[in-house]
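A.B. asks: So you can see what is in the structure, the chains are spelled out below.
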Amino acid sequence: MKKLMKSVALSVTALGLAVAGAQAATLDDVKAKGFVQCGVSQGLPGFSNPDDKGNWTGLDVDLCRAIAAAVFGDAEKVKYTPLSAKERFTALQSGEVDVLSRNTTWTMSRDTSLGLNFAGVNYYDGQGFMVRSSLDVKSALELSGASICTNTGTTTELNVADYFRANNMEYEVVAFEKADEVVAAYDAGRCDVYTTDQSGLYAQRLKLTNPGEHIVLPEIISKEPLGPVVRQGDDQWFNLVKWTHFAMVNAEEFGVTSGNVDEMMKTENPGIKRLLGTEGTFGEMIGVGNDWAYNIIKQVGNYAETFDRNVGPETPLQISRGVNDLWSKGGLQYAPPVR
Amino acid sequence: MADTKNPAGTVPSAGIAFVRGEMAGDEPPPASEVGVIGWVRKNLFSSIPNTILTLLAVYLLWLIIPPLLRFAFFDAVWDTSGLMAEYNLDKPDRRLCTTAAQGGIWPDGWVGACWPYVATYMNQFIYGRYPLEEYWRVDLVYFLFAAGLIPMCIPAVPFKRENVIFMIAIFPVLAFVLLTGGHISLEGFLLPNSIIAPSVTKFIIDYVILTAILCAIAYGIARGSESPPGPSIRGVAVAMGLLLLVLLIFAVPFGLEHVETEVWGGLLVTLVIAITGIVASLPLGILLALGRRSQMPVIRLVSVIFIEFWRGIPLITVLFMSSVMLPLFLPEGVNFDKLLRALIGVALFSAAYMAEVVRGGIQALPKGQYEGAMALGLNYWQMIRLIILPQALKLVIPGIVNSFIALFKDTTLVLIIGLFDFLGMIQSSYTDSTWASPVQSLTGYLFAAVIFWLFCFSMSRYSIFMERRLDTGHR
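Protein sequence lines, in the order shown, are assigned to chains A and B. If you read the first sequence in our numbering, its first letter stands for residue 1, the second for the next number, and so on. If you read the second sequence in our numbering, its first letter stands for residue 1, the second for the next number, and so on.
Just to be clear, a hint being listed does not mean it is correct.
Said to hold, decoys possible - The following residues of chain A were derived to be distant from chain B, with all beta-carbon distances above 10 angstroms: (1) N159; (2) F254; (3) T278.
Claimed, not checked - List of simulated lysine to aspartate or glutamate pairs, EDC-like, C-alpha gap at most 16 angstroms: (4) K266(A) - E279(A); (5) K79(A) - D337(B); (6) K91(B) - D51(A); (7) K33(A) - E260(B); (8) K273(A) - E263(A); (9) K53(A) - E133(B); (10) K31(A) - E284(A); (11) K223(A) - E157(A); (12) K178(A) - E219(A); (13) K138(A) - E219(A); (14) K53(A) - D337(B); (15) K79(A) - E262(B); (16) K79(A) - E260(B); (17) K91(B) - E279(A); (18) K202(B) - E187(B); (19) K86(A) - E177(A); (20) K86(A) - E96(A); (21) K91(B) - D79(B); (22) K79(A) - E96(A).
Hints in this document: simulated from the structure, not taken from any laboratory. Ideal Cβ placement from N, Cα and C applies to all residues, glycine included.
Build out the structure end to end from the sequences listed, making use of the hints.
C.D. replies: So this is what it looks like as structure tokens:
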């Protein structure tokens with residue numbers, strides 16, 4: 001009996017090692033199958049959302065396309081797996097997707113206990129409040145006694161509890177399962193305040209009867225850094241995803257856009273030369289061609305371009321750069337140099 | 001006297017008395033008892049409580065119907081191109097369905113259905129994200145399905161046997177090849193790869209070994225139950241042979257582009273899941289119901305455990321287990337299709353319910369039916385096939401169709417495992433900010449309700465038709 005147990009334990013260990021071994025080289029797997037399998041949301045405007053032709057667009061989708069551009073030189077070699085919030089981590093752990101780019105908040109517990117790594121932050125979000133302008137509220141600190149509409153079972157509910165308790169204010173929660181129900185309830189006057197991530201507030205405002213009569217309060221009560229996630233223990237793939245995002249931020253900093261990248265290839269600026277691969281072998285260091293960043297910028301664009309295209313002031317969402325601006329312009333987007 | 005003119009039917013009697021020779025013609029009933037007025041009086045205002053209820057009902061209808069009609073028809077947006085020309089819009093988008101305050105073209109306070117949004121998304125609602133240039137394949141499957149189903153449902157149309165064979169054997173294979181593109185690679189599954197390299201040949205060898213094992217099991221069971229083993233072994237061999245044939249057809253490259261099930265969606269997924277569930281659950285359910293009533297303890301126990309297990313867990317749990325837990329148990333790289341997992345889950349789940357419905361019918365038959373069948377010298381399967389099932393199934397048609405309708409609507413639950421069925425596709429379109437407006441979700445849900453109702457209502461009507469047709473008047 002003991003012997004049997006031992007052999008079972010041994011074979012389980014062996015299986016575990018085999019699984020870990022198989023997972024180690026995501027980049028090789030991706031190159032072999034010829035596309036990046038990218039886990040996205042089931043539809044979040046501006047981040048990952050299918051349009052009426054079924055094409056995926058959004059900030060998170062552009063990151064996947066950028067990874068494909070870096071690996072294959074072709075941003076279209078991506079397949080998307082829409083994932084619900086509940087199954088997203090399993091899908092990544094089990095290898096169903098290569099990268100999870102699904103407006104996922106980077107938290108300590110997720111980073112440390114799930115066997116996953118966050119490869120950067122492509123959008124700094126935070127929870128905000130929307131109220132009717134007729135209430136004449138200028139700050140979230142005046143919301144004592146308010147009834148608050150929110151989604152059930154998300155961190156937003158907990159954040160609200162923390163915030164109101166910390167500021168010693170009374171409140172009442174009116175929670176619903178679906179975002180649509182929350183908006184409808186707020187629009188019908190069931191509650192005074194609507195709270196969710198700020199990017200979501202802007203998206204849902206389009207569904208109100210009188211969007212002009214509502215304002216988003218300046219306070220942001222939580223940190224929601226959203227970014228791509230990869231499996232732990234595969235540093236090569238982790239580096240590739242991380243530097244894909246950094247390349248887009250660096251490109252914005254250097255003023256390299258999809259429009260002028262061909263001219264920029266002739267520039268003498270050493271930083272741009274290293275980025276675009278006319279100098280050095282930085283692509284090889286992450287296991288792809290040296291023109292990796294050129295392909296990203298040419299086919300997807302720099303960070304500013306994807307931001308403006310998907311969530312910026314010209315889109316229905318009308319989100320300003322704010323904290324997502326470059327560090328040199330007062331924001332938080334900061335990329336280490338390509339050197 | 002003779003030439004006195006007799007009014008018809010009166011007996012001449014010297015004018016003293018008058019006796020009618022025949023019955024007077026019927027007076028027309030009073031106007032208050034016939035026609036519309038009579039019906040209304042009799043059915044709607046026959047008593048004071050009845051009158052109050054009628055008035056209440058009319059009031060409720062008055063509250064509900066006119067706004068609904070206004071929303072869905074009169075105030076709705078229909079004329080896309082006309083409105084675009086009138087308001088100088090460059091492309092159809094949310095401006096067509098929003099008020100001025102929301103950034104659109106309508107006066108404040110306007111509420112109406114946004115049909116241009118449904119029209120724009122119609123392809124996605126029907127095909128999901130199936131590639132546009134491959135739509136013809138889905139259309140062909142829809143057409144073949146209708147062409148097989150409609151004559152089968154009309155009793156007067158001949159060739160029923162051929163029709164059933166087409167629907168049960170040929171259509172599923174055709175549909176599978178057309179929808180996925182076929183050409184699955186068969187690599188074998190039993191022998192280790194070191195003996196023979198993975199290939200179709202190895203698959204066939206493995207398959208033959210598996211068939212031999214199954215035949216041996218069938219032989220064992222037949223010996224155990226003291227019936228001749230010949231027929232059961234033959235049955236297993238024939239079934240496995242047919243399955244092999246189907247699998248080999250799937251392996252043939254037909255030159256169709258492979259379309260993975262991730263991009264399927266909309267009505268396509270709803271129908272695939274519902275029809276597979278319906279087709280698989282009825283025979284499985286019948287077998288389970290017979291198994292539960294069987295004299296053989298092992299078969300009875302297995303059936304009872306199966307039925308109670310699947311009836312005891314919610315469908316959502318089944319789907320979650322299949323999508324979240326299963327991948328963790330499977331070795332890396334083994335990743336079988338999400339839609340297939342859902343299909344198996346739904347089919348087994350509904351088979352358990354179907355088994356109990358059918359068992360109800362079997363138990364409703366009097367013992368004399370069994371005894372009569374046995375007295376005629378029929379064996380078990382003949383008795384079941386010729387005497388028991390035809391009567392039992394007829395009794396439980398309402399229950400069976402009830403399960404079918406419930407199954408059809410339960411397909412919407414697959415949204416939570418990331419499959420986009422019809423409703424899921426509609427909900428997913430709500431996130432498109434191009435059409436975001438307060439009426440977007442109302443329109444979408446209204447559309448979903450109408451389509452679901454059409455499907456379920458037609459199933460219900462057909463079941464009533466079958467009940468009447470098969471009614472042999474036992475009451």
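A.B. asks: The structure should be examined with respect to each hint, and the outcome stated for every one.
C.D. replies: For each hint, the structure was consulted:
{"no.": "1", "hint": "N159", "result": "22 angstroms, holds"}
{"no.": "2", "hint": "F254", "result": "31 angstroms, holds"}
{"no.": "3", "hint": "T278", "result": "38 angstroms, holds"}
{"no.": "4", "hint": "K266(A) - E279(A)", "result": "11 angstroms, holds"}
{"no.": "5", "hint": "K79(A) - D337(B)", "result": "15 angstroms, holds"}
{"no.": "6", "hint": "K91(B) - D51(A)", "result": "15 angstroms, holds"}
{"no.": "7", "hint": "K33(A) - E260(B)", "result": "14 angstroms, holds"}
{"no.": "8", "hint": "K273(A) - E263(A)", "result": "12 angstroms, holds"}
{"no.": "9", "hint": "K53(A) - E133(B)", "result": "12 angstroms, holds"}
{"no.": "10", "hint": "K31(A) - E284(A)", "result": "14 angstroms, holds"}
{"no.": "11", "hint": "K223(A) - E157(A)", "result": "14 angstroms, holds"}
{"no.": "12", "hint": "K178(A) - E219(A)", "result": "24 angstroms, violated"}
{"no.": "13", "hint": "K138(A) - E219(A)", "result": "10 angstroms, holds"}
{"no.": "14", "hint": "K53(A) - D337(B)", "result": "24 angstroms, violated"}
{"no.": "15", "hint": "K79(A) - E262(B)", "result": "9 angstroms, holds"}
{"no.": "16", "hint": "K79(A) - E260(B)", "result": "10 angstroms, holds"}
{"no.": "17", "hint": "K91(B) - E279(A)", "result": "45 angstroms, violated"}
{"no.": "18", "hint": "K202(B) - E187(B)", "result": "7 angstroms, holds"}
{"no.": "19", "hint": "K86(A) - E177(A)", "result": "14 angstroms, holds"}
{"no.": "20", "hint": "K86(A) - E96(A)", "result": "14 angstroms, holds"}
{"no.": "21", "hint": "K91(B) - D79(B)", "result": "13 angstroms, holds"}
{"no.": "22", "hint": "K79(A) - E96(A)", "result": "11 angstroms, holds"}
Violated hints, in rising order: 12, 14, 17; the structure is consistent with all others.
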